[in-house]
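Q: Please put together the full structure from these sequences, using the hints given.
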Amino acid sequence: MAAKSSGPHGQDYSRDFVVEDDLPSKMGSKPSKLNEVPRPERIPRSDSSEDARRAAQRQKQIDYGKNTLGYQNYVQAVPKLKRKRED
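Going letter by letter, the sequence shown gives residues 1420 to 1506 in this note's numbering.
Think of the hints as simulated: they come from the structure by calculation, not from any bench.
Heads up, a few of these hints could be off.
Stated by the list, open to error - Lysine-lysine pairs mimicking DSS-like chemistry, simulated, CA-CA at most 27 Å apart:
| no. | residue 1 | residue 2 |
| --- | --- | --- |
| 1 | Lys1485 | Lys1503 |
| 2 | Lys1501 | Lys1485 |
| 3 | Lys1499 | Lys1479 |
| 4 | Lys1479 | Lys1501 |
| 5 | Lys1479 | Lys1503 |
| 6 | Lys1499 | Lys1485 |
What the hints assert, rightly or not - Label pairs and their in silico Cβ distance ranges:
| no. | residue 1 | residue 2 | range |
| --- | --- | --- | --- |
| 7 | Arg1504 | Arg1472 | 18 to 28 Å |
| 8 | Asp1431 | Pro1459 | 46 to 56 Å |
| 9 | Glu1505 | Gln1476 | 23 to 33 Å |
| 10 | Glu1469 | Tyr1493 | 28 to 38 Å |
| 11 | Arg1502 | Ala1474 | 15 to 25 Å |
| 12 | Gln1476 | Lys1499 | 21 to 31 Å |
| 13 | Pro1459 | Ile1481 | 30 to 40 Å |
Where a beta carbon is used, it is the ideal one built from N, C-alpha and C, also for glycine.
A: Okay, structure coming up:
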């Protein structure tokens, strides 16, 4: 419920304002058609095209990571034969 507010002469103006808490609840009502955003239908992909797309995206991430200064420092600091998966 809204807090009571008084004017400069002690008058109560709380009835002049509607606060969101004072409005009746519309629980369970669906949004109007004006507020709905149309969503395009999702086109299912075949497994092979999805796998190829994911592999290409993953390779792009790996290439990006190997192009960082941190990775270049790691390559110089740790010889290839001494590297482990945990490093």
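Q: Are the hints correct? Go through all of them and say.
A: Evaluation of the provided hints:
no. : hint                          : result
1   : Lys1485 / Lys1503             : holds, 16 Å
2   : Lys1501 / Lys1485             : holds, 18 Å
3   : Lys1499 / Lys1479             : holds, 22 Å
4   : Lys1479 / Lys1501             : holds, 26 Å
5   : Lys1479 / Lys1503             : holds, 22 Å
6   : Lys1499 / Lys1485             : holds, 14 Å
7   : Arg1504 / Arg1472: 18 to 28 Å : holds, 26 Å
8   : Asp1431 / Pro1459: 46 to 56 Å : holds, 53 Å
9   : Glu1505 / Gln1476: 23 to 33 Å : holds, 25 Å
10  : Glu1469 / Tyr1493: 28 to 38 Å : holds, 32 Å
11  : Arg1502 / Ala1474: 15 to 25 Å : holds, 23 Å
12  : Gln1476 / Lys1499: 21 to 31 Å : holds, 26 Å
13  : Pro1459 / Ile1481: 30 to 40 Å : holds, 31 Å
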